[in-house]
Every structure is written in structure tokens, then in C-alpha cells.
Amino acid sequence: MFVGRKKILREKLSEVEQIGHYTAQPAALPAALKILVEEQTHGEPMVAYAMVDLDERFRLTERWLGLTKSWLVTATPTEIGWKVQTIERSRVSRVCEVSGLSCNRLYLEGERGEGLLCTVRYTHRQSRLVGVIKTLLELELEANEGIEAEVARGKTAEEIYSENLLSAIKEAQASVASHQLAVVWRLLSYLKPYKIQVTLGLLGAALMTLVSLVPAYLTGLMLDQVIKPFGAGRLSLAEAKQMVGILVVGLAATLVLREFFAWIRLRTMSVIGEYVAKDLRDEVYSHLHRLSLSFFSSRQTGSLISRVGSDTDRIWDFIAFGVVEVSTSLLLLAGLAGVLIFLDWPLGLLVTIPVPLILWSILKHGEQMQNLFLRAWRKWSQLTACLSDTIPGVRVVKAFNQERAEVAKFVHRNDQVLGEFSRIHETWTRFWPKLMLTIHGIQVAVWIFGVPRVLQHIEGVKLGVENPGGLTPGVFVSFVLYMTMFVQPIEVIGQMARMINRATSSAQRVFEVLDTEPQILDRQSGTQHAELVGRVEFRDVTFSYDGVRKVLKNVNLTVEPGEMVGLVGSSGSGKSTLINLLARFYDLDQGAILVDGIDIRELDMGCYRTQLGMVLQDPYLFHGSILDNIRYACPEAAPGEVIEAARVANAHDFICQLTHGYDTIVGERGHTLSGGERQRISIARAVLRNPRVLILDEATSAVDSETERKIQQALDRLIKGRTVIAIAHRLSTLASASRLLVLKDGRIVERGSHAELMGDPQGIYRRLVDLQQQLHLGCEIA
Amino acid sequence: METEVRIAEETTRAETVMESPVLRLGVDGELQLWCGREALAVTVRRCFPWSQPGECLSIRNQENEEVMFIANSKTLDEKSQEALQAALRESGFFFRVRQILEAREEFELRHWVVETDQGRRRFQTRLDEWPRELPGGELLVRDLYGDVYQMSRPSALDAKSRELLWAFVE
Numbered sequence: 001m002f003v004g005r006k007k008i009l010r011e012k013l014s015e016v017e018q019i020g021h022y023t024a025q026p027a028a029l030p031a032a033l034k035i036l037v038e039e040q041t042h043g044e045p046m047v048a049y050a051m052v053d054l055d056e057r058f059r060l061t062e063r064w065l066g067l068t069k070s071w072l073v074t075a076t077p078t079e080i081g082w083k084v085q086t087i088e089r090s091r092v093s094r095v096c097e098v099s100g101l102s103c104n105r106l107y108l109e110g111e112r113g114e115g116l117l118c119t120v121r122y123t124h125r126q127s128r129l130v131g132v133i134k135t136l137l138e139l140e141l142e143a144n145e146g147i148e149a150e151v152a153r154g155k156t157a158e159e160i161y162s163e164n165l166l167s168a169i170k171e172a173q174a175s176v177a178s179h180q181l182a183v184v185w186r187l188l189s190y191l192k193p194y195k196i197q198v199t200l201g202l203l204g205a206a207l208m209t210l211v212s213l214v215p216a217y218l219t220g221l222m223l224d225q226v227i228k229p230f231g232a233g234r235l236s237l238a239e240a241k242q243m244v245g246i247l248v249v250g251l252a253a254t255l256v257l258r259e260f261f262a263w264i265r266l267r268t269m270s271v272i273g274e275y276v277a278k279d280l281r282d283e284v285y286s287h288l289h290r291l292s293l294s295f296f297s298s299r300q301t302g303s304l305i306s307r308v309g310s311d312t313d314r315i316w317d318f319i320a321f322g323v324v325e326v327s328t329s330l331l332l333l334a335g336l337a338g339v340l341i342f343l344d345w346p347l348g349l350l351v352t353i354p355v356p357l358i359l360w361s362i363l364k365h366g367e368q369m370q371n372l373f374l375r376a377w378r379k380w381s382q383l384t385a386c387l388s389d390t391i392p393g394v395r396v397v398k399a400f401n402q403e404r405a406e407v408a409k410f411v412h413r414n415d416q417v418l419g420e421f422s423r424i425h426e427t428w429t430r431f432w433p434k435l436m437l438t439i440h441g442i443q444v445a446v447w448i449f450g451v452p453r454v455l456q457h458i459e460g461v462k463l464g465v466e467n468p469g470g471l472t473p474g475v476f477v478s479f480v481l482y483m484t485m486f487v488q489p490i491e492v493i494g495q496m497a498r499m500i501n502r503a504t505s506s507a508q509r510v511f512e513v514l515d516t517e518p519q520i521l522d523r524q525s526g527t528q529h530a531e532l533v534g535r536v537e538f539r540d541v542t543f544s545y546d547g548v549r550k551v552l553k554n555v556n557l558t559v560e561p562g563e564m565v566g567l568v569g570s571s572g573s574g575k576s577t578l579i580n581l582l583a584r585f586y587d588l589d590q591g592a593i594l595v596d597g598i599d600i601r602e603l604d605m606g607c608y609r610t611q612l613g614m615v616l617q618d619p620y621l622f623h624g625s626i627l628d629n630i631r632y633a634c635p636e637a638a639p640g641e642v643i644e645a646a647r648v649a650n651a652h653d654f655i656c657q658l659t660h661g662y663d664t665i666v667g668e669r670g671h672t673l674s675g676g677e678r679q680r681i682s683i684a685r686a687v688l689r690n691p692r693v694l695i696l697d698e699a700t701s702a703v704d705s706e707t708e709r710k711i712q713q714a715l716d717r718l719i720k721g722r723t724v725i726a727i728a729h730r731l732s733t734l735a736s737a738s739r740l741l742v743l744k745d746g747r748i749v750e751r752g753s754h755a756e757l758m759g760d761p762q763g764i765y766r767r768l769v770d771l772q773q774q775l776h777l778g779c780e781i782a
Numbered sequence: 001m002e003t004e005v006r007i008a009e010e011t012t013r014a015e016t017v018m019e020s021p022v023l024r025l026g027v028d029g030e031l032q033l034w035c036g037r038e039a040l041a042v043t044v045r046r047c048f049p050w051s052q053p054g055e056c057l058s059i060r061n062q063e064n065e066e067v068m069f070i071a072n073s074k075t076l077d078e079k080s081q082e083a084l085q086a087a088l089r090e091s092g093f094f095f096r097v098r099q100i101l102e103a104r105e106e107f108e109l110r111h112w113v114v115e116t117d118q119g120r121r122r123f124q125t126r127l128d129e130w131p132r133e134l135p136g137g138e139l140l141v142r143d144l145y146g147d148v149y150q151m152s153r154p155s156a157l158d159a160k161s162r163e164l165l166w167a168f169v170e
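Chains A and B, in that order, are what the protein sequence lines are.
So for the first sequence, my numbering puts the first residue at 1; every next one is plus one.
So for the second sequence, my numbering puts the first residue at 1; every next one is plus one.
Warning: the hint list may mix true and false statements.
[Said to hold, decoys possible] Partner residues are not named here, just some residues of chain A that face chain B (Cβ under 7 Å, in silico):
| no. | residue |
| --- | --- |
| 1 | Gly100 |
| 2 | Ser102 |
| 3 | Lys720 |
[What the hints assert, rightly or not] Derived list of chain B stretches under chain A, where covered just means 3 residues or more per stretch with a C-beta under 8 Å from a C-beta of chain A:
| no. | stretch |
| --- | --- |
| 4 | 84 to 95 |
| 5 | 144 to 151 |
Calculated directly from the structure, the hints in this document are not laboratory data.
Using N, Cα and C, we set each Cβ at its ideal position, and we do this for glycine too.
My request is simple: use the sequences and hints to build the entire structure.
What follows is the structure, encoded as C-alpha cells:
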């Protein structure tokens, strides 16, 4: 299965093809220009480049902006080639960007007196690419490290270009477009473990189809070989009865066989479909848990849920019925055409020649319906938007007395939906009778051309001609019966494109998850550190989420076992990133995080995380009982231990007040509890886990003062004897911290005890404390 | 100038404290707000870019704070109006679509090929990103990158464009 998958992956559109397909712009810096640039920059290769696609009169153009180690390069097309300009990077003193509706402008200024060095205009499509250049220049201006950092990361300019140019497409699309056939083949490769059953199912389907052709033939035989000779006196009653008996037995046996093969087909394929869907669901779900947080942050939850649920269901539908329906329909059509031409070729051709035209008209009708459905979908979206807006916001609607206006809006949109669906029904109800009329027209044509030939045959027989010619009545009846069988496979084939589209879309969404490699890889032979002491060290830690903008820069920090360190700083200063790295949700770009002197990348991830506890700002409870939620990490904990943990977390009393006590079902995300109650349950969970290293991320935010006091009490008990790294906006909650660290723009800019930091009147910490006190005072006065 | 801007923040509008501020374009195309001999680099934002594009303009400094509000640009001196219009041409630039050549679905995306005043352009939108109808009947589409395309009223387009747009208009 895996070999097949790799082979198919190679058939995906390459990045070069994708750039051409989606943007129609060059897939890389033109080779001739590259050579020219290297000539002018003394052989220095481009480190990053971007296409800038607007000129000063806002016409689309193909200009280039690039960076080498020492030069900024711009290239403008001329009639004879390229005009390349180079500017020493050291001359750039200011980088500015102005963003508009669809036009952005980047301008670079030199030192005072030197003025403007360069201006480029570009659409949003190029924004990320130009953004890379801008960021590198800014970083260089800040710390003289831009280019070096990028080169060290080992990405080529071409890789940076294609990654950033395609990022919007990749984010919007569940997966890059693959060739549809490749996806179908890959999907079918999941049938490999069930080869025998699939062969049986397909054989059943094929035999069922072929056997379906027999009854009509037997009917014709009955007419020509029994009824007609008996009527003409060539058969005695006994002989006729005997032959009728044989034919009836044959017919009955055929029908029994048909249903038997149908049973084999349905039973085998529907069960295989379920197995394949189950295999996919298992594989997708377990793979999801291996993926890094970055994958989840770039995808919508609903989209991921639908991949495990409805997408695998569609795939089941395709495998269980689609594959067989399509192949049997094709077989049936071919079989019918063959039989009809075999029985009587002129009439056979009369019937089979219009079939492609009928299929084409069904295809066209499908396209028309797709357009109609698109309109209806748009109207439906407007209707559901009405619901999703007003139901959650019903308090606002009532407060502003807008009920009537909202109802009127809904009724109007509902009318529009009705209009669109009426149009859809009008269209398809008009098409299908017309199509059926055409098919009936062919039947009439068969009568028109067939009946005279039947009469000619009968006349010939009457006259005793040895070879009467024409068409025997039996063959004619068989024809008429076979014609009724044409309709169903035509319908199935008409819907084939839609069915394959739906299945391959779902399959691509599923495969995208399976093809994503986890960024955090657990070492096969990671150190199993049974009991950590809890000494944490950040050594020269540098990190960026997007590979360009650094969120943490050379952070050095040591936390001794049992020490509590508080992290302080404004939003975006890097506090949460620091604890995400400690929990190993992401891996570092540079530097190392050591626990008890061992790099956490060397530790067995599972073993390491069992000794790590987290209490987060938004405590997440799963649907289930309070008991299940507290025991989430230690399912084997005894009830007494759970109660003890709840006592420590100040949760026992409120739990006991609930009618069902610890067996109370908290609902999805714990919605039946208040924020403070949920937080105390999450603290109880952490207590039960008894971690050596504890992370507190805004654990007391967004709760009232009384609840905060209770949570704080619980936390004070929880942190005893553990290494704690805590983030808090309410600085009062960090009173127990032995040291406070102030982060700004990814660096630790202040460190010390509360008293020490308060001693610096110009310090950030002092300012934050003063600000909070003013706010607190303001609130009290208010 | 720094001081003046701060004063402006305290009084919420620069125009209330600056004596006849004027707008000029710098050599790099940068819009500058001049008050006396001091210049401040600013940008202009339309408050109602589609419903009332000519009115209510917000002049903002590099910290994205409003330093001046222009209810009607005609109240400015001629050169200021010219500078403002030039800046608006840039900040308000979008693609005007003259003809729609393709509009088809492609695995979770809608793929468009259009002829614009700037030349042929290919772009993609999400399937549930519907064209937005403007007060004048034009349609507005925003692609995956954020670039904006304004399509003329369907009645002003050719038959094929109208046919391709049919599913998206009332």
C-alpha cells in the first residue's frame, strides 16, 4: 500500500506546475536574470527574491526584487533584456511598507541626506514574498543577523519563493490538486488487503450483470422455439410443454442466480467499503494525534472532524457502490449493445448509436444543474448566515428591538431559497421526461422498423419460404425487453462524474492529513527518565513559527528544582511560545532546552510529558463525568486520590453540592460549569498527575476576585515542591514567584524579584505594576 | 511635529490644533502632512471605500493613529487635493474586471480568469466566498491573497461573462 502511495504522490502537481496553474507567473527567477545578477553582485547568489508585479502606473508587470548577502537587487524588464540595479545593503537605514486595497508599496531609504533608495509596488499576491525581504532587512537593521540566519536554515531562494507564493493556496485548499485518476488509484489501493473479497464482489457483480441479460433472451426463445412452432403445428403439445418446462426452469434458475450474485456483490462490497472506511478513519485519527500543533492551528476544527467523519463515509459510499455501479453499468451497456447487434445488427445499431448522444445530454444537464445548485447553495448560505448570526446574538436582537426586522430578513431569504429550489425542480422535472421520451422514441422506432420485418418474416413462413428473412417475433420481443434495460445504466453513468468528483475530493482531504509529516519526531530510543528532578534550562533558545520572524531570540534561563519563575510581558512578547517549547509542542530552531541536563529532544516524549503538568487559561474539559475528567491522565487513580486532589484544588466542596457529585456529566467542554469551577477541576487533574515541572498559563484570568482567591489557594498548594513556570497578566498572582522575568520582543529584558524590579522606576515591570494599580483604582472609583 | 501630533491625540483631531495643515507627496510617493515647516509621513484610508468613496477620509500616522479627518476633500487647497488623489489612487487601487473568461470550481477553490484594465489575471477564491454586490450593482470579489476585483454590473458585461456570473447575481 505504501509503495503505491509514494508512486502516486509523485504524480501530484509539482510546485512549479502549481505556480503556473494558479498564478500564471514565473515559477522562479528567470535563469538569464539570475546569471546577470550574479555578475553584478560579484558572484553572490540570491538569498531571497520576490516578483513585484505593479509599475508606478499600476499596470501589471514582471519586476524583481532580491537580496544577496551584501546587495539589494532590483530588475526591470527592457526591450532587450533586464535592467539590473544593485544597492549595497549597508546603505539601507529605513524599510517602510504602505498597504492598500490591492496595491502595496515598499520603499527603502538610505542614511539622512541620501534619501530614497528604492520603491516597488506589488499586489497582495506578492506580499508574503516581499515581506520576507522586508523582514530580513529589518532584522539586519535590528541585530545584523537577517541573512545569516536565513542562510543557516538552509532554504534556497527558490524554496522561499515557492513556499510563500503558494501558502495562501495551500491554506485554502485541503490538499494540492492531484490528478483525479491518481487519487482514484490511491483510493483503490486501500482495497489491496481485501483482494479476495474484492475479486469475489466484482465477480458477483459481473455475473449478475451478465445473467440479467438472459431472461429477455429466454423470452424470445420461448416465442420463436415454442409458441410459434406450436402455433404452426411443428411441435406437439407434449413437446411444447416439455420445452416450456425447460425454459421456465431456466428462467427461474437465472433469476435465482441473479439474486444470488446480487447478494454476493452487495454483501461483499458494502462490508469491504466499511472496512476501508474504518481503516481510513483509524489511520487518519491516529495520524492526527502524531501531528504537531502547527498543523491544527492552520486548519479549522470542523474541517478536520469532517475528514474523519463525512469524508470517510463518502469514500465508503464510493467503494461499496460507486465502483461496482459504474463498472457494472458499463458492462451492462456494452453487453446490451453486443447482444442487440448480435440478435439483429440493423436494429441493434438503431438502438445503440443514440446512446452516446443520450449520455452527452445527461452530462450537459448535469452541468446546468451544477450552476443551479451553485445559486441555490449561495442563497442557502445567506439563509444559514441569518441563523448563525441571530441565534447566538439573540440578546442583542432583543435589546435593540430588531425581532421583526430579523424575521422579515429571514422570510425574504427563505423566499429566495424557495425560488432557487423551485427552479431546480422545474429544470430536472423537465429534462428527465424529455430524455425518457427520447428513449421511448427509440422504442417506437424499433417498432416502426422492426414490426414490418416481423410481418415479413411471418409472411415468409406462411408462404413456406425456407429462409423467410425479416425478424422473428421472439427476437423482436427480446429487443423490446432489452431496451427497457438501457435506462438504468445510462442514469448511473450520467451521475458518474459527480460521484467520482465527490469521492476524490473527500479522498484528497483525507490523504492530506495522512501525507503530513509530524514536525515533532519522537526518538525511537529516547531516554526514559523515570523521575525528573525538575531543573529546567533554556540555552540560547531562538524560535520562529514561520521560519522568518523570530518570536524568541537567544533566551537563556535556568530554573532550579522547586523554584517558581514568573513570566511577564505584553501580548506577543514570547511568553506562551516559551512554555509551548518547554512542553515540546514545537521544536527549536536554534539552542536547546534541557531538563535535568538532558536535551528534551533526547527524552522519550511520552515519558517526559507524564512528568509535566499544565494549567491553562481556558481549561478544557471533555464530555464525561467530573471523575473521568480529573482522572484523565491517571485513569487508575483510586476514588480517594481523586477526592484528595479535588480538595487540594478547592473543588471538592462545589462538586459535593452537585446532585450527581463526582459523577456529574459536565457536557461538551464542561459548559455546565462556571469558568472558575472548570479551572479548579483542571487544577485537580494536574494535582493528581503530580508533575515535577508545572506550567501555569494565565490560570486565574477572567474570573471574579472570590474565584481567583480560591484558585490561587489551590495553586499555592499545587506548586509546592515543584518547578513552576507561570505566566500571568494579573501580577498579584505571581507573589509566590522567587524570580520574575520580563519579556519584550522575544528577549528577556528584565529579571529579578518583585522588589528588585520595582526598584527601577523606568523599568517595564514597574510600569506594568503602576498601570494595573491605576486600573484597579479606576475600577474601585467607578 | 512629534509634539504637535501628541497634542493632536489629546484633542482627538489634528485639524483642530494645526494651522491650515496641507498634504503633499514626497519624492517616493509618500503622502506627507505638513504643518508649518514640519512634515509627517501619513497614509490615507477611505472610511467608506465602496459606499461613499469620495467622502470621509482618515489620515493616519505610521503608528496607525488618526491625525486628521477629512469629511470632504474639496475643502482642501488644490495641491493638497492633488496629493490626496494621488495617494488614494495607490491605496484604493483594485482590479477592474472588463471580461470574465473562466469561472469554474476546482477542488475546494473557485478558479477565475478575467480580463482587467491591467491585463489578464488568474485568481482563486474559496468556494464559499461569494461575490459581494455593491450599491451601484457592481460585484466585488476578494481572492485568496486579499487582492480585490470589481466586476461591472452584469448588464454592462458581454454575454459570456454574464453567463459565467449568472450563478452569483440576483
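Each hint tested on the structure:
1. Below 7 Å, beta-carbon pairs count as interface contacts, and A/Gly100 has one with chain B at about 4 Å; its hint therefore holds.
2. The closest approach between the C-beta of A/Ser102 and any C-beta of chain B is roughly 5 Å, which is under the 7 Å cut-off, so the hint is satisfied.
3. The restraint placing A/Lys720 at the interface with chain B is violated, with a minimum CB-CB distance near 45 Å, outside the 7 Å limit.
4. Residues of the stretch 84 to 95 of chain B with a Cβ under 8 Å from some Cβ of chain A number 7, which satisfies the need for three, so the listed coverage holds.
5. Only residues whose C-beta sits within less than 8 Å of a C-beta in chain A count toward coverage, and the stretch 144 to 151 of chain B has 5 of them, enough to reach three; the restraint holds.
When each numbered hint is compared with the structure, a violation occurs for hint 3 only.
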